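There are 2 protein chains.
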Amino acid sequence: MVATPKKDRPRDSVFEAGFRGKNVLITGGLGFIGSSLALRLVPMGAKVALLDAMIPDYGGNLFNIEPIKDDVTINFSNITDATSMNYLVRDMDYIFHCAGQVCHIMSLSNPFPDIEYNIKGVAVLMQACKNFNPSAKVIKTGTRGQYGPSVKLPVNEEAPTNPRGIYEVSNLAAEKIMKIYNDVHGVRTVLLRLTNIYGPRSQMKHSRFGVVNWFIRQALDNETIKVFGDGQILRDFLYIDDCVDALLETALCEKAEGEILNVGMDKAVCFLDLVKNIIEVTGSGRWEFSEFTPERKAQEPGDFYSDITKIKNLVGWEPRVTLREGLARTAEYYRQYRQWYWDPSSNG
Amino acid sequence: MVATPKKDRPRDSVFEAGFRGKNVLITGGLGFIGSSLALRLVPMGAKVALLDAMIPDYGGNLFNIEPIKDDVTINFSNITDATSMNYLVRDMDYIFHCAGQVCHIMSLSNPFPDIEYNIKGVAVLMQACKNFNPSAKVIKTGTRGQYGPSVKLPVNEEAPTNPRGIYEVSNLAAEKIMKIYNDVHGVRTVLLRLTNIYGPRSQMKHSRFGVVNWFIRQALDNETIKVFGDGQILRDFLYIDDCVDALLETALCEKAEGEILNVGMDKAVCFLDLVKNIIEVTGSGRWEFSEFTPERKAQEPGDFYSDITKIKNLVGWEPRVTLREGLARTAEYYRQYRQWYWDPSSNG
Numbered sequence: 001m002v003a004t005p006k007k008d009r010p011r012d013s014v015f016e017a018g019f020r021g022k023n024v025l026i027t028g029g030l031g032f033i034g035s036s037l038a039l040r041l042v043p044m045g046a047k048v049a050l051l052d053a054m055i056p057d058y059g060g061n062l063f064n065i066e067p068i069k070d071d072v073t074i075n076f077s078n079i080t081d082a083t084s085m086n087y088l089v090r091d092m093d094y095i096f097h098c099a100g101q102v103c104h105i106m107s108l109s110n111p112f113p114d115i116e117y118n119i120k121g122v123a124v125l126m127q128a129c130k131n132f133n134p135s136a137k138v139i140k141t142g143t144r145g146q147y148g149p150s151v152k153l154p155v156n157e158e159a160p161t162n163p164r165g166i167y168e169v170s171n172l173a174a175e176k177i178m179k180i181y182n183d184v185h186g187v188r189t190v191l192l193r194l195t196n197i198y199g200p201r202s203q204m205k206h207s208r209f210g211v212v213n214w215f216i217r218q219a220l221d222n223e224t225i226k227v228f229g230d231g232q233i234l235r236d237f238l239y240i241d242d243c244v245d246a247l248l249e250t251a252l253c254e255k256a257e258g259e260i261l262n263v264g265m266d267k268a269v270c271f272l273d274l275v276k277n278i279i280e281v282t283g284s285g286r287w288e289f290s291e292f293t294p295e296r297k298a299q300e301p302g303d304f305y306s307d308i309t310k311i312k313n314l315v316g317w318e319p320r321v322t323l324r325e326g327l328a329r330t331a332e333y334y335r336q337y338r339q340w341y342w343d344p345s346s347n348g
Numbered sequence: 001m002v003a004t005p006k007k008d009r010p011r012d013s014v015f016e017a018g019f020r021g022k023n024v025l026i027t028g029g030l031g032f033i034g035s036s037l038a039l040r041l042v043p044m045g046a047k048v049a050l051l052d053a054m055i056p057d058y059g060g061n062l063f064n065i066e067p068i069k070d071d072v073t074i075n076f077s078n079i080t081d082a083t084s085m086n087y088l089v090r091d092m093d094y095i096f097h098c099a100g101q102v103c104h105i106m107s108l109s110n111p112f113p114d115i116e117y118n119i120k121g122v123a124v125l126m127q128a129c130k131n132f133n134p135s136a137k138v139i140k141t142g143t144r145g146q147y148g149p150s151v152k153l154p155v156n157e158e159a160p161t162n163p164r165g166i167y168e169v170s171n172l173a174a175e176k177i178m179k180i181y182n183d184v185h186g187v188r189t190v191l192l193r194l195t196n197i198y199g200p201r202s203q204m205k206h207s208r209f210g211v212v213n214w215f216i217r218q219a220l221d222n223e224t225i226k227v228f229g230d231g232q233i234l235r236d237f238l239y240i241d242d243c244v245d246a247l248l249e250t251a252l253c254e255k256a257e258g259e260i261l262n263v264g265m266d267k268a269v270c271f272l273d274l275v276k277n278i279i280e281v282t283g284s285g286r287w288e289f290s291e292f293t294p295e296r297k298a299q300e301p302g303d304f305y306s307d308i309t310k311i312k313n314l315v316g317w318e319p320r321v322t323l324r325e326g327l328a329r330t331a332e333y334y335r336q337y338r339q340w341y342w343d344p345s346s347n348g
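In order, the protein sequences belong to chains Y and F.
With the numbering used here, letter number 140 in the first sequence gets 140, and the count goes up by one each step, no holes.
With the numbering used here, letter number 191 in the second sequence gets 191, and the count goes up by one each step, no holes.
The hints are simulated quantities; they were obtained by calculation from the structure and are not laboratory data.
Model, not experiment: these values are computed from the prediction.
Do not take every clue at face value.
What the hints assert, rightly or not - Derived pair list, reagent style DSS-like, types lysine-lysine, alpha-carbon separation capped at 25 angstroms: (1) K267(Y) <-> K312(Y); (2) K297(Y) <-> K130(F); (3) K69(Y) <-> K47(Y); (4) K276(F) <-> K226(F); (5) K310(F) <-> K152(F); (6) K130(F) <-> K22(F); (7) K152(F) <-> K130(F); (8) K152(F) <-> K310(Y); (9) K297(Y) <-> K205(Y); (10) K130(Y) <-> K276(F); (11) K312(Y) <-> K255(Y); (12) K297(F) <-> K276(F); (13) K130(F) <-> K47(F); (14) K152(Y) <-> K130(F); (15) K310(F) <-> K152(Y).
I would like the entire structure built from these sequences, with the hints used as guidance.
Spelled out as structure tokens, the structure:
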């Protein structure tokens with residue numbers, strides 16, 4: 001496996017003190033963020049259980065946890081299965097809730113998985129905690145899409161929330177449900193709104209979510225990356241290791257309980273520069289401008305980048321991996337393990 | 001029946017031009033607001049279909065439509081039944097969506113009916129319209145509870161939305177889902193946030209929702225009404241006929257499409273004054289102060305009253321029935337038809 005060098009994990013000693021011997025449940029545990037979390041928690045001495053429904057086209061991939069497969073327990077079930085959730089939450093100290101439908105495009109043609117997994121799923125989880133383990137702390141990975149189009153930049157946690165897709169609405173509803181369990185029922189929650197995350201272990205089979213990873217796949221396959229419009233739309237892109245740090249750090253931080261916190265990069269990049277960087281880092285692929293399809297144009301929320309002042313001040317977290325470095329690590333991982341993520345002969 | 005005097009319906013000629021011969025579906029059509037709407041629409045010459053699931057303890061009551069029972073079609077089914085919804089929405093010009101779980105307290109012990117009926121239900125309805133009748137216009141009766149505690153008074157539509165119950169979250173999510181169908185799929189919606197509505201045809205069997213009506217029942221039964229705390233918390237209370245006017249008027253108003261609009265009274269009243277008025281109007285009952293229970297205290301969102309500037313300016317609607325007049329009409333209705341709403345020998 002590609003091991004992230006130890007020098008890049010300066011917070012591990014603090015984390016180890018917090019998580020050693022703790023029971024940790026990760027929903028969506030075989031997915032991108034869930035498996036990356038597990039890979040950090042196991043060496044710290046946490047007792048990690050993973051829940052994954054392995055829904056086709058979602059992010060679950062057993063290869064993601066190959067290095068720790070004998071050190072975790074895996075439960076194949078859906079978060080909406082109340083009977084098993086009621087059992088699984090018992091004795092957990094921390095629950096990282098990463099399971100869900102995460103595709104904006106699919107949610108617009110079929111809203112029901114979002115309602116079922118993202119909204120009902122969170123209610124099942126929180127009811128399970130309320131009734132069977134009210135002292136658990138639950139950390140949620142929401143999305144910057146909950147804001148919808150930016151009113152001013154960078155976007156802080158007080159901004160209006162007018163999402164443009166059912167996926168995003170379902171995340172906002174789930175966040176508000178968790179907030180009520182925190183405030184009314186006393187089950188502590190941490191409510192994160194993640195910007196675009198990229199890095200090793202994200203699915204690579206299709207382009208419907210995970211745009212940075214998809215561009216990296218195209219570059220590695222020496223294909224032409226399409227840059228829509230003039231490529232000047234701004235985003236912030238956060239490397240997975242920084243995202244995992246944010247999850248671990250907020251989980252241990254009392255001041256983060258009941259709070260909504262942006263998790264993003266404090267540097268905005270336009271799509272054109274992102275793509276140029278990817279092509280330089282991989283040394284393959286090329287790019288061309290492309291017209292927005294009318295559908296894409298209608299749904300494009302415009303510039304977005306996160307204001308991370310709140311999490312910096314409250315928790316002390318900030319990103320450490322530059323875009324260039326993150327892209328390089330991602331490309332290296334998929335170059336080595338491509339066969340576990342996509343069929344090189346396929347077009348996705 | 002108690003007929004609302006003709007002089008109190010100055011907008012009917014305009015409404016008649018708009019609704020005569022139109023196909024109108026009302027979900028929750030045997031409930032408080034749904035049946036009141038039907039009673040106005042039928043004499044205008046609208047062809048009215050009512051959908052109701054008749055869930056125990058919700059608002060459905062066949063007696064509500066006694067005067068028009070031969071002039072409407074009734075469909076007993078749940079809004080989450082996609083097959084029947086796909087059929088029922090065809091050819092409808094207007095759909096008033098009043099069905100749902102409406103109890104804050106119940107939502108906190110069991111969040112699943114709210115997710116099922118209020119969120120999934122709205123998605124089923126909107127998918128049905130998108131696929132089988134995209135030219136229908138859908139009007140939603142949301143709740144002022146979507147705001148949560150007031151940041152400033154009166155509360156306008158730009159206020160933050162931090163609801164304190166799953167019922168309220170489910171309404172906010174449903175509103176945002178409908179907004180997406182309006183913006184992305186072109187199914188026109190009108191998104192109303194109603195303040196406390198009272199009047200004839202609200203359920204009277206229990207006190208879990210509809211506080212004004214419950215106080216009226218207690219007064220009619222010559223009981224003691226408990227006023228929590230010092231009774232100084234402010235609310236606005238809107239009479240059902242004004243609410244029905246708002247629904248009809250916004251349905252006909254092109255400028256209201258895609259808009260979120262408060263429907264409230266432009267006068268705030270404290271609970272103590274409300275109760276005193278009820279006792280004077282009914283000529284029976286009495287009141288006493290009572291301590292908040294800790295649970296009630298925790299969930300009490302404090303003062304709330306609606307800023308209705310937006311709907312006044314955009315649509316031209318404003319309330320016409322004073323609190324005193326509305327209370328008198330409500331008391332008169334239930335005095336006459338009490339047996340259809342509660343068993344006088346029971347305590348709810």
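Okay, the hints, checked on the actual structure:
1. K267(Y) <-> K312(Y): holds (14 angstroms)
2. K297(Y) <-> K130(F): Within the cut-off at roughly 20 angstroms; holds.
3. K69(Y) <-> K47(Y): This hinted pair holds, its Cα atoms lying about 13 angstroms apart.
4. K276(F) <-> K226(F): holds (11 angstroms)
5. K310(F) <-> K152(F): holds (16 angstroms)
6. K130(F) <-> K22(F): holds (19 angstroms)
7. K152(F) <-> K130(F): It is violated: about 37 angstroms lies between the C-alpha atoms, which goes past 25 angstroms.
8. K152(F) <-> K310(Y): holds (24 angstroms)
9. K297(Y) <-> K205(Y): The hint holds at about 24 angstroms.
10. K130(Y) <-> K276(F): Violated, at about 40 angstroms.
11. K312(Y) <-> K255(Y): Measuring from Cα to Cα gives roughly 12 angstroms; hence the hint holds.
12. K297(F) <-> K276(F): Holds, because 22 angstroms separates the two Cα atoms, which is no more than 25 angstroms.
13. K130(F) <-> K47(F): Answer holds: K130(F) to K47(F) is near 22 angstroms, not above 25 angstroms.
14. K152(Y) <-> K130(F): Violated, at about 32 angstroms.
15. K310(F) <-> K152(Y): holds (24 angstroms)
Taken one by one, the earlier hints fail for this structure at numbers 7, 10 and 14, listed in ascending order.
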